[in-house]
Amino acid sequence: MKRFVAFALVATIANATAAFAGESLLTTGTRHVQQIAARDGVPAPASTQAPAPGQKPVAAYQGQNPTLSKSGMGKGKKMLLYVGLAAGFAASVWTIDHHVLDVTPSSLGTRQD
Amino acid sequence: MTQMRQRWSRAAAFVLAGMCLLWPGTKAWAQQASGIAGVVRDTSGLAMPGVTVEAASPALIEKVRTVTTDGEGRYNIVDLRPGTYTVTFSLEGFSTVRREGITLGTGFTATVNVSMQVGSLSETITVSGAAPVVDTTSMRKQDTLNSNELESLPSGNVGLQTLAYVTPGFAATQADVGGTRDTWSAQGNYTFFHGKAGTRANFDGFRNQYFVNEASGVGYITDPGAIQELQIETSGMGAEAGSGSVSLNAIPKSGSNIFSGGIDGYISTGAMQSGNVRSNLNSWAQGNQALISAAGINSAAKVDRIYRLGAQFGGPIKQDRIWFFAAVARWGSTVNQPSAYYNPLQGQAQALNPTWGLANPAGNVGLTPTLFYPGQPGTPYANVSYTDPSLWNGADPRKAASFDWYRNHAGRITTQLGTKNRFNIYGDLQKSCRCTTGPFTGSNAIESERGWDWYPSGVIQGTWTAPITSRLLLEAGVSWQDANWVNFAEDGVTQNDRSILETATNFRYGATSLLTAPKARTGRGAQRFTASYVTGTHNVKVGLTNEQGFNDESRSRNNVVDGLNYDFSNGKPLRLQYYAIPFTVNVRQNMELGLFAQDQWKIGRLTANIGARYDRVSYGYLASVAEAGPYVPRREAPELKGVPIYNDFSPRMGAVYDLMGNGRTAIRFSVGRYVGLSRGDFTSRFHPFNSSINSAFRSWNDANGNYIPDCDVRNLQPNGECGPMSNVNFGKFNPQAVLFDDSAKFSNRDYLWDINLDVQHELIHGLSLNVGYNHNWDGSFTVTENTLLGPSDYDEFCITVPNDSRLPNAGQQRCGFYDVNPALFGQGTLRVTNAKEFVGKNGNTSLPKRYWDGVWVSIDGRIRGGIRLGGGIDTGRQVANGCFTVDVPNTPVDITGTGGGTNFNGNLLNGAGACNVVTSWANNTDFRLNGSVPIKGGFNASFIYRNTRGAAQNATAVIGTPTAVSNPYNVTFKNGRSATTLTSASAASALNLITPNSLYGPRFNQLDLAVNKTLDIGWGKLRLAFDVYNALNSNSIQNVTAAYSAALVNGQLASSATNRWLRPTTFLDPRLMRVTAAIQF
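Residue numbers (my numbering), protein chains in the order written: chain D, 3 to 115; chain V, 12 to 1092.
Extracted from the complex, chain D is given alone in its bound form:
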């Protein structure tokens, strides 16, 4: 019942802008729910994937995104994918380097400095 009341409270006045100790009502309500849940031995709700208001999306390369290295794939298959991606990229780079017109004196060997 307490949880229901708390949820109802949050749902109805979550958009209000009044704040308490640096928190919004939404935050405060959520905190109460989590406190109640914690006391009842229920795990705290997992954070959502969508960024909350005010949050900037997290930049990559900090380990939060699902990655190949953490997938359930076998080690061999992972290596194969890594090698395949690297080879494909290297081949593409080689192709670009050999198809873009390069008339720079440093490449032509005509620099005089």
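Just so you know, these hints were derived from the structure itself, not from any lab.
The structure displayed is predicted, hence computed values, not measured ones.
A couple of the hints might just be wrong.
[What the hints assert, rightly or not] Taking lysine-lysine pairs in the DSSO-like style, the calculated list, with each CA pair at most 30 Å apart, reads:
| id | chain 1 | residue 1 | chain 2 | residue 2 |
| --- | --- | --- | --- | --- |
| 1 | V | Lys-583 | V | Lys-410 |
| 2 | D | Lys-80 | V | Lys-1032 |
| 3 | V | Lys-431 | V | Lys-410 |
| 4 | D | Lys-72 | V | Lys-583 |
| 5 | D | Lys-72 | V | Lys-860 |
| 6 | V | Lys-410 | V | Lys-329 |
| 7 | V | Lys-1032 | D | Lys-77 |
| 8 | D | Lys-79 | V | Lys-530 |
[Said to hold, decoys possible] To be clear about the criterion: a stretch of chain D counts as covered by chain V if any three or more of its residues have a C-beta under 8 Å from a C-beta of chain V, and this derived list gives those stretches:
| id | region |
| --- | --- |
| 9 | 71-78 |
| 10 | 94-107 |
Glycine residues also receive a C-beta, built at the ideal position from the N, C-alpha and C atoms.
Put chain V on the given structure of chain D with help from the hints.
Okay, now just chain V, sitting in the frame of chain D:
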């Protein structure tokens, strides 16, 4: 092959030198760090000292940073990397409180206040919720874009300029439409904000700009794939910052404890582009079909290809100890420019008219292979289009394109040694080609461009951070940036070609005016050390910064015979332009030392920011030798250090008030004195090669019409068809030709006072509104006087403005122009000094002025439903009053010999009233909005919209020297002097027909759109994006021809039949689509 080996050796030496430089690893710095601060209270509201506060994030290699609250319950965790944090508060006898999901951008301090209740330490209360969006501690006004936002937005050419692009109030030289602008100039495309001179560009907190001239160009070209976040600071910078110029900073990505990587690429081709040539682009011709045929705009920029392929990979070498990150990228562009074609007459002068022959009397110049460009007025080809099949022998006209490509190879190592020391080392070695000077827009011929050969170039940086205790933090860093940028001539240009400027249209063709070759190498070194002592109440920071700069540069003219350039007027020879070749300088900034101390002091809801800074900058140059050239003897300049030296003391202060005490409303005020950005040309002006007068011109009266200067061009006295030199010191090695007063050498650095007042309020969760006012003004002006001349040596004359209804004062007499007494033309010695010397003299009652008053309203943040918005409106009024007389009445010339950054227009003859340039509120109003909106099906849409002022429509005219029978502009001296005595100095100068920056064209509009979708592919994510740049297909005009050409029509001066005034030189490129694919794994 030997030279190739030398290139590689140089590249290896560059890397090695950088590594050696970094190895000691004890001097470094950090950019504006992020932080989390707040107050801990118990449920009765009493402050709780001694609470342990831990900030944890995957972004931290040390995983956790720990502090304790002070006697007032305050805590302050500083030096946090951008990322998402969980903060835990614990104290024996109280339940532990966890606050999750606090996302920090660069330079942002999040306020997190908590209330702890009595309970068991093992009992944890977890709180997830909105992250703060208002910084209630810093007086700095700043903003950030992180890599996800950069990926989401239709950012086009991502780099330091991207934030400037979306920030209201930034003036740009040319818009970019999905990467149509070359990367180098795009990354340096931030010219002006609230009237402040210059912008400081940084990479990971280190200045990233050339040490050439004004040092405004970007030094190290950043790979967008290596950027985690971009940061901009516009005002209220603390004592850590030397200059008050706007600061842009790119923060590189780093590895983590998880292997992860990505491959990304995009492509745009001509098939993905529209056209936007409409009648408004040719309205300047006023219906003159012949003129439209010869010089009309009949094509828009056409993309050949814009592409990118990049890869990044990072992860742990050793968990929690050593992380690596690597990025490799290739990108570039080829964009055919509007109505831009190679010159079909290039190299054909002799074939076109054999009677011109090769007559070359002793001492005379030979005929240049290239004399004309089709369509230029007054030539035999004035009415022939450059695409005329007869000129191309039936072949398709060869289109001219801007062309550039980049190859970056970056790596970063992050290490945690022990529990205290964290090191970062970053390096990037790149080879690039800015194959046309850029931004090549077709406003001049492609042959007048020059390529830049960037190799080897790159950057090496190292930083060290050590939280010695929970209160004491030490930071240090070093950086080395190096760029070779040797010029080379464009395809089809031979070493006999000359650069020719058609003054009637301001169109240059034939060859580039000056080559920076065979040597061009510039770069910077930087060091910084700071110590912070942080309690909950105080954040005291002291430190030093030091920077060095170098520029080794030689200059040459394309024509190897005599190095002369030609100026034509309506297709006829007008002047010979001389340069003192060979030319080489090695200028140095030996130090730019800054010592600073500042404190952020929290008193209740108020955070006071108090600081002070001492700056000392010292320049010089190495010994240099230039062998004898065609016009100058052998020259030697000994090494010189300590000229100039400037010392400055600058106070900074400000306050931030947390209005409601809840971290949601901040009132900020700041005031500070800032030194001007250091520049490469501070010292090069003093170099004897420059102070000797290294360029000059003389009139060329081609009486026989053979396009050969029938005179001895090496004889600098008037002879044959060649007139007197514009400066008698040209051709001499006379370093005393320009004297520098001590006030210019030792105590006269330009400075800025900046006052800022703004209010930021969190309107709804995650979205803040910011309203503010900014006032700034410049101080310390240098001027150049001619020691022989004074105001009485100049005679005022008037002209009749052509009878053209587009000119505000059409048909009226315009006075206020001055011409030197002919007997004194080209005479005298120049002296550079402080403008104060002339206050009280020559009718001057006060110094020149430049000030700005402006206001803005902006929003920023993310609201419900994942919608993100940023932008606003920025407007202001600038006054640049150069009504100050040194020699020429009301025309002060600054230390550079021109108007410099103060719009004095010292190189123009202004006319009455034109010395006080006021840019109005309306013409400074700038509206920009960007955002992203999640839409159905997992798609995300984003946009950038910009509405800024239109192109300045200035009007200048080269009037020529009147004769007894021809005085079309009705030149009349007020003292009765004959108009025919108008000296070539005035005849060569452009006269302002209207007050500069008083007339603007229609406003500029650009809307860019993007749609993204990210797919889960099991082992990673695939992001697909479809961008549409310039979605409205606007052809907003950005620059127009200022040169006005007049002729007598029915006895009255009017627009000539070939007048190209207001012809667009750049307009917005057409709508362009881009397809992007990126895999993250």
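So, going through the hints one by one against the coordinates:
Between the alpha carbons of Lys-583/V and Lys-410/V the distance comes to roughly 27 Å, so the proposed pair stays at or under 30 Å and holds. The suggested pairing of Lys-80/D with Lys-1032/V holds, with an alpha-carbon distance near 15 Å, which does not exceed 30 Å. A distance of roughly 60 Å separates the Cα atoms of Lys-431/V and Lys-410/V; the hinted pair therefore is violated under the 30 Å criterion. Of the pairs offered as hints, the one joining Lys-72/D and Lys-583/V is violated, with about 73 Å between alpha carbons and a cut-off of 30 Å exceeded.
Of the supplied pair hints, the one linking Lys-72/D and Lys-860/V is violated, its CA atoms being roughly 62 Å apart against a limit of 30 Å. As the CA atoms of Lys-410/V and Lys-329/V are separated by approximately 54 Å, the hinted pair breaks the 30 Å bound. Straight-line distance between C-alpha atoms of Lys-1032/V and Lys-77/D comes to about 19 Å, which keeps the hinted pair within the 30 Å bound. Of the pairs offered as hints, the one joining Lys-79/D and Lys-530/V is violated, with about 51 Å between alpha carbons and a cut-off of 30 Å exceeded.
Given as covered by chain V, the region 71-78 of chain D passes the check, having 4 residues with a CB less than 8 Å from a CB of that chain where 3 are the minimum. A stretch counts as covered by a chain when three or more of its residues have a beta carbon under 8 Å from one of that chain; for the region 94-107 of chain D and chain V the count is 10, and the coverage holds.
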